[in-house]
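So the chains spell out like this:
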Amino acid sequence: MIYIQLFFSFLKIGLFSVGGGYAAIPLIQSEIVNGHGWLSMQEFTNLITISSMTPGPVAINSATFVGLRIAGLPGAVTATLGSIFPAVILVSLLSLIYRKYKGTTAIDTVLGCLRPAVVALITAAGLSLSQTALWGELPVSLSSVDWTNALLFLGAFFILRKWKWNPILVMCLCGAGGLISFLTGKFF
Amino acid sequence: MDTPLRHQNLKKLKTLFLSTLYISAFTFGGGFVIVGFMRRKFVHDLHWIDEEEMLDFAALAQSCPGAVAVNAAILIGWKICGFAGMLTAVLGTILPPMIILSVISLFYSAFASSPLISAVLHGMEAGVAATVLDVACDLGMATVKTKSSLSVFIMAGAFVLNFVFHVSVIYIILAAAVIGTVRLLIIRRFHREVSR
Numbered sequence: 001m002i003y004i005q006l007f008f009s010f011l012k013i014g015l016f017s018v019g020g021g022y023a024a025i026p027l028i029q030s031e032i033v034n035g036h037g038w039l040s041m042q043e044f045t046n047l048i049t050i051s052s053m054t055p056g057p058v059a060i061n062s063a064t065f066v067g068l069r070i071a072g073l074p075g076a077v078t079a080t081l082g083s084i085f086p087a088v089i090l091v092s093l094l095s096l097i098y099r100k101y102k103g104t105t106a107i108d109t110v111l112g113c114l115r116p117a118v119v120a121l122i123t124a125a126g127l128s129l130s131q132t133a134l135w136g137e138l139p140v141s142l143s144s145v146d147w148t149n150a151l152l153f154l155g156a157f158f159i160l161r162k163w164k165w166n167p168i169l170v171m172c173l174c175g176a177g178g179l180i181s182f183l184t185g186k187f188f
Numbered sequence: 001m002d003t004p005l006r007h008q009n010l011k012k013l014k015t016l017f018l019s020t021l022y023i024s025a026f027t028f029g030g031g032f033v034i035v036g037f038m039r040r041k042f043v044h045d046l047h048w049i050d051e052e053e054m055l056d057f058a059a060l061a062q063s064c065p066g067a068v069a070v071n072a073a074i075l076i077g078w079k080i081c082g083f084a085g086m087l088t089a090v091l092g093t094i095l096p097p098m099i100i101l102s103v104i105s106l107f108y109s110a111f112a113s114s115p116l117i118s119a120v121l122h123g124m125e126a127g128v129a130a131t132v133l134d135v136a137c138d139l140g141m142a143t144v145k146t147k148s149s150l151s152v153f154i155m156a157g158a159f160v161l162n163f164v165f166h167v168s169v170i171y172i173i174l175a176a177a178v179i180g181t182v183r184l185l186i187i188r189r190f191h192r193e194v195s196r
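Residue numbers (my numbering), protein chains in the order written: chain A, 1 to 188; chain B, 1 to 196.
It should be emphasised that the hints constitute simulated quantities derived from the structure, not laboratory data.
Predicted model, so just to flag it, every value in this text is computed and none were measured.
Treat each hint with caution, since some may be false.
[Unchecked claim] Where chain A lies over chain B, by a calculated footprint (3+ residues, C-beta under 8 Å): (1) 48-56; (2) 66-72; (3) 157-170; (4) 183-195.
Note that CB positions come from ideal geometry on N, CA and C, so glycine has one too.
Make a model of the complete structure from these sequences and hints.
Encoded structure:
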């Protein structure tokens, strides 16, 4: 039964992709390209390209894409449910434990050491994203900077720090900035 | 009798659904990008969680299997409205990518090869980077202001390990948890000796 196969295949992907994002890609590939042959390598590459261009987690995107391709809308829903099922169980358990023991010295001491680590990881993620935005795949140097994006980045950062605008609005404005720069570059 | 309460819960669930739907529809990149948007919505606008809880949720969401956005939605959902809240938040998080991807997979080649769309997405990269660094600045300064040398040490160490040496996020979170546990044991032992 194709639905059961889809469900368990994506359950496996959901269960073993810790940390999310691009860490899940090799696992998804071995499961749906090499394992079941649901997608060709070319289709898989297309899927990753779409995933990087649209919002949402890679695991959900691939579940929808593969499910839709193999068994239509019910397939997409089945595969997506499979991919979130392990998280719903495990994270719910963890949430229960967290809320039960939060406020006790034991948990607060451990969390007190976790929080600065998370702050560091957010900072590192932000710097990596900035590097991609300003240099793409190129080595970091003054001559290879994408000046349009550097300007958008500094403007966005300034607006967020100084006026605390809504980050989603700022992000959309940057998208508009990218479009304007492309169009004016084309026509002038 | 329970009508006002039920009404209030329904209202909360509706806000939760719309908020997760809105955040999920705009979260490009995944992972820690979502922290910036969640912080704005749930910490600053709605005051449903505080800054510390948000960091705890980020750590828990990162270290569990599955997509970070879904895991964070599960945590917030339970916190706001129990089981119903969890289902609502998860639904709100998975619907936008499902709908957007279904639509786009119909005309993939036109979408992927359009220079206009890649120009918009490229510009958005700059905005996303600025958003995450903005959050990092606030949180980093707050950590330094605690004047706890252990916190600052963990922050600096985790940053160098992840950014310079590319040590995986999960190992860093585990290591921080181990430091926390050791600290706890030392505090406990110290108290025992003092009380003896």
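| said: Under 8 Å between beta-carbons, do enough residues of the stretch 183-195 of chain B, three at least, approach chain A for the coverage claim to hold? | reply: Our answer is that it holds, as 3 residues pass the Cβ test (under 8 Å) against chain A, meeting three.
| 8 Å C-beta test of the stretch 66-72 of chain B against chain A, three or more residues | holds (count 6)
| field | Verdict on chain A covering the stretch 157-170 of chain B, where coverage means 3 or more residues with a C-beta closer than 8 Å | value | holds (count 8)
| Stated coverage of the stretch 48-56 of chain B by chain A [criterion: 3+ residues, CB within 8 Å] | holds (count 3)
In summary, the structure agrees with every hint in the numbered list given earlier.
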